[in-house]
Amino acid sequence: MDDLLEYERTHEIAFASPRALLEARMIAEMDKARRPHRRAHRNGVARRRKVAAH
Amino acid sequence: MKPIIFHVEAAGEFRPVEFTFASESEVRRVRAWRKMTPATDAGEFAALAAKRWFYYTREGASVASLDELRTAIKRNERAELAFLMVASAEWAKRYKFLALAYCRRTWCHHLVLDFLAVRPGLRFAGKPISGIGSGVFASLADMADSLGMKTMWGEVTASSAPFYEKILRTRPVKDLFIIHRDTMRNVREYYLADQQSRLAKTAKPNHIS
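For the record, the sequence lines run as chains B and Z.
The first sequence begins at 1 in the working numbering and counts up one residue at a time.
The second sequence begins at 1001 in the working numbering and counts up one residue at a time.
Only chain Z is shown next, with the shape it has when bound in the complex (with noise of 0.2 Å):
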């Protein structure tokens, strides 16, 4: 399977980031990230995500590629699926995981995000990397689009509205957000064309005098 990637700003400059279904070895490593930032939100989330996946594994409600996904479906076309995604970059080798999301695909093949967390403190060069919460989330509904999935849907809490209002350009989001298809390809496409913009702001030559 072909990795998704999505593009984030580090020091000046779009660089590529991989974003792909843990496997299990995968999923360890994330577990250790709350031991690497202790005392964060994202740390406990991680560990926890973790923890769950493994729960899930055991009872066999687990797949760690998109082509177990479409198989588990195959065979059982109300399966309730877990797994968890992953983004990674080469250019940040040192942190091996710069964010990951897991995900429950319902019986009614639906997208459930359940956690999301970008790794506290990323740095490139000295300067912060960012859109990596925008890029999960775009690649995120795009995927679901692609597995002809019609709605994704998460709960909301009071730290994490502002983030969905944002993204999904919509005010206010309550308890849950709850997205359909179109929303899916909008979310998608506006954020390729903000992308689109940036890169090409980034690749004119300055010409101030």
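Next up, chain B with everything else stripped away, as it sits in the complex (with noise of 0.2 Å):
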């Protein structure tokens, strides 16, 4: 046990399974394809504004 212990103290424990990191990267990629695209909005581009009716 004084092994494992040491272990954990000197290593980063992060493990993931292969296949579950596949499918969560896939998730992760159909996540950010749903996502409405908002870049006409960044980088100070002001939003169009709309006309009042008189």
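In case anyone wonders, no lab produced these hints; they're calculated from the structure.
Where a beta carbon is used, it is the ideal one built from N, C-alpha and C, also for glycine.
Do not take every clue at face value.
Some, not all, of what chain B presents toward chain Z, calculated at C-beta under 10 Å [to be verified]: (1) Phe-15; (2) Ala-16; (3) Ser-17; (4) Leu-21; (5) Ile-27; (6) Met-30.
Work from the hints to combine the two standalone chains into their complex.
Set out below in structure tokens:
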């Protein structure tokens, strides 16, 4: 057990099953693709204003 | 449900850590690990595990408590269910979560460990906190056993093999670890016996003259 605790002290404990990781990355990509694009409003580009009706 | 408790060594003392099923708001907090610990595998895995949990939740295939797990199994004994377990401690509140484990209950009532991550750089009173990964694994083995699961398994990579070899006390561990009830109990018993002996050592008065 000393050996294990020493291992935990000296190594990052972050493990993922390769299959689970692949699936999670695919889900992340799908989410990204589903999100609406808001690029036009970034980088200080002014939003178009509605023209007031007279 | 009573939380699962295990103990870790922090600043020369044994301190309790709670290990519970994560609720939706807790999974959101887990997702934030990526910002708090950028450029670490733990940060990336936490964010991806959270994404996967939300995806399973949208499909109605996740649970957020032991009761929900039991009810879902009663409703459909072949249900495939995902859940995220988180470790937290009152005395280390600033971290909120110390570790996470993303698991699945398979259609044939086995436990699969998909993600295991301890938050990097954990310290208490200026000293590292140790024994969280082994505490999480031993607690999962105990939980699987108490749920009547006959098998617990997970995929192993080059980076996780040494950890699993050490905690399972077997070599070599290659692409998969597969443990049955006798090994789950051995892991838990060995873990508890070691904790008790450490506790006795720290509780003993110092007789050095």
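So, going through the hints one by one against the coordinates:
1. Proximity of Phe-15/B to chain Z holds as hinted, the smallest CB-CB distance being about 4 Å (cut-off 10 Å).
2. A cut of 10 Å between beta carbons decides the hint on Ala-16/B: the least distance to chain Z is about 5 Å, and the hint holds.
3. A cut of 10 Å between beta carbons decides the hint on Ser-17/B: the least distance to chain Z is about 4 Å, and the hint holds.
4. Interface restraint check: Leu-21/B against chain Z, minimum CB-CB distance 7 Å, threshold 10 Å, status holds.
5. The beta carbon of Ile-27/B comes within 5 Å of a beta carbon in chain Z, closer than 10 Å, and the hint placing it at the interface holds.
6. Interface restraint check for Met-30/B: the shortest CB-CB distance to chain Z comes to about 8 Å, inside 10 Å, so the restraint holds.
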